[in-house]
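A.B. asks: Next come the chains, spelled out residue by residue.
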Amino acid sequence: EAQVTQNPRYLITVTGKKLTVTCSQNMNHEYMSWYRQDPGLGLRQIYYSMNVEVTDKGDVPEGYKVSRKEKRNFPLILESPSPNQTSLYFCASSIRGHNEQFFGPGTRLTVL
Amino acid sequence: AQSVTQLDSQVPVFEEAPVELRCNYSSSVSVYLFWYVQYPNQGLQLLLKYLSGSTLVKGINGFEAEFNKSQTSFHLRKPSVHISDTAEYFCAVSEKTSGSRLTFGEGTQLTVNP
Numbered sequence: 361e362a363q364v365t366q367n368p369r370y371l372i373t374v375t376g377k378k379l380t381v382t383c384s385q386n387m388n389h390e391y392m393s394w395y396r397q398d399p400g401l402g403l404r405q406i407y408y409s410m411n412v413e414v415t416d417k418g419d420v421p422e423g424y425k426v427s428r429k430e431k432r433n434f435p436l437i438l439e440s441p442s443p444n445q446t447s448l449y450f451c452a453s454s455i456r457g458h459n460e461q462f463f464g465p466g467t468r469l470t471v472l
Numbered sequence: 878a879q880s881v882t883q884l885d886s887q888v889p890v891f892e893e894a895p896v897e898l899r900c901n902y903s904s905s906v907s908v909y910l911f912w913y914v915q916y917p918n919q920g921l922q923l924l925l926k927y928l929s930g931s932t933l934v935k936g937i938n939g940f941e942a943e944f945n946k947s948q949t950s951f952h953l954r955k956p957s958v959h960i961s962d963t964a965e966y967f968c969a970v971s972e973k974t975s976g977s978r979l980t981f982g983e984g985t986q987l988t989v990n991p
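From first to last, the protein sequence lines stand for chains A and B.
For the first sequence, the positions run 361 to 472 when my numbering is used.
For the second sequence, the positions run 878 to 991 when my numbering is used.
A few of these clues could be false.
[Unchecked claim] Label-pair restraints from in silico Cβ distances:
hint	chain 1	residue 1	chain 2	residue 2	range
1	B	Ser957	A	Val412	43 to 49 Å
2	A	Ser427	B	Ser931	22 to 28 Å
3	A	Asp398	B	Ser961	22 to 28 Å
4	A	Pro421	B	Ser880	16 to 22 Å
5	B	Ser931	A	Leu472	49 to 55 Å
6	A	Lys378	B	Ala878	40 to 46 Å
7	B	Glu943	A	Gln363	30 to 36 Å
8	B	Ser947	A	Thr365	38 to 44 Å
9	B	Arg954	A	Lys378	42 to 48 Å
FYI, nobody ran anything at the bench for these hints, they're computed from the structure.
Since the structure is predicted, the reported quantities are computational estimates derived from the model, not experimental observations.
Don't be surprised by glycine CBs; every beta carbon is placed ideally from N, CA and C.
So that you can see chain A by itself, here it is in the shape it has in the complex (with noise of 0.2 Å):
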């Protein structure tokens, strides 16, 4: 089954405490994507990677990492969390940018 996995779904963790979400895809796009969702705001790109080795910032990339060494796997990591990254975070991926994108079910962070 085509799909883009998230791990871990639901993750509460403490200020400061380095942590990464784990993305990964099995239809052999191109671009992937991270974006956060929160109230009111819809959805706000943080990264994205037109390919392998290939990386740039989205809308809101302050204070989080991204790296593409697969093709398949595209990790998010915040190197020291803070309380205003408590969002619901969606990976997506498409063949490339401007096709449709396929989404993640989505991690819940949740910052004390």
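With chain A's structure known, arrange chain B on it following the hints.
C.D. replies: Just chain B now, kept in the frame of chain A:
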């Protein structure tokens, strides 16, 4: 830079009534347009998309949208809604030239009441 505005944050309707969810966009170049739906506690799934050609686009679950270039709008419509259409709907735009950024609107919560 592109931007999207969804004109209604909440739209309550009764079952079997028609509905229109409004979306305006801003861009200096040609765009691709999308509507996504998010059911409670789920990810987003594509309802429909406009890439080129006919300005009236039909999607899944009986939804359709019309691209109006002069008014820079891409409103979503359904002639008769069901309880199961209760969800949050997002309009999104991507510029044809770059193709690397998908910008979303703030979302419209559609609530269908019996």
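A.B. asks: That 40 to 46 Å hint for A/Lys378 and B/Ala878 (C-beta), does it hold up?
C.D. replies: violated, 32 Å
A.B. asks: A range of 38 to 44 Å was offered for this pair. Does it hold for the Cβ distance of B/Ser947 and A/Thr365?
C.D. replies: The hint (38 to 44 Å, Cβ to Cβ) holds, given that B/Ser947 and A/Thr365 are roughly 42 Å apart.
A.B. asks: If I claimed the Cβ atoms of B/Glu943 and A/Gln363 lie 30 to 36 Å apart, would that claim hold in this structure?
C.D. replies: Distance hint for B/Glu943, A/Gln363 holds at roughly 31 Å.
A.B. asks: Regarding B/Ser957 and A/Val412, is the given constraint of 43 to 49 Å on their beta-carbon distance met?
C.D. replies: Roughly 47 Å apart at Cβ, these two residues keep to the hinted range, so it holds.
A.B. asks: Between A/Ser427 and B/Ser931, does the beta-carbon spacing fit 22 to 28 Å?
C.D. replies: violated, 41 Å
A.B. asks: Against the range 22 to 28 Å, how does the distance between the Cβ atoms of A/Asp398 and B/Ser961 compare: consistent or not?
C.D. replies: About 26 Å separates the Cβ atoms of A/Asp398 and B/Ser961, which means 22 to 28 Å holds.
A.B. asks: Honestly, do A/Pro421 and B/Ser880 meet the 16 to 22 Å range at C-beta?
C.D. replies: holds, 18 Å
A.B. asks: Please check whether B/Arg954 and A/Lys378 have a Cβ separation lying inside 42 to 48 Å.
C.D. replies: holds, 46 Å
A.B. asks: I want to verify a distance hint. Is the separation of the beta carbons of B/Ser931 and A/Leu472 within 49 to 55 Å?
C.D. replies: holds, 51 Å
In this structure, the hints that do not hold are numbers 2 and 6, in rising order.
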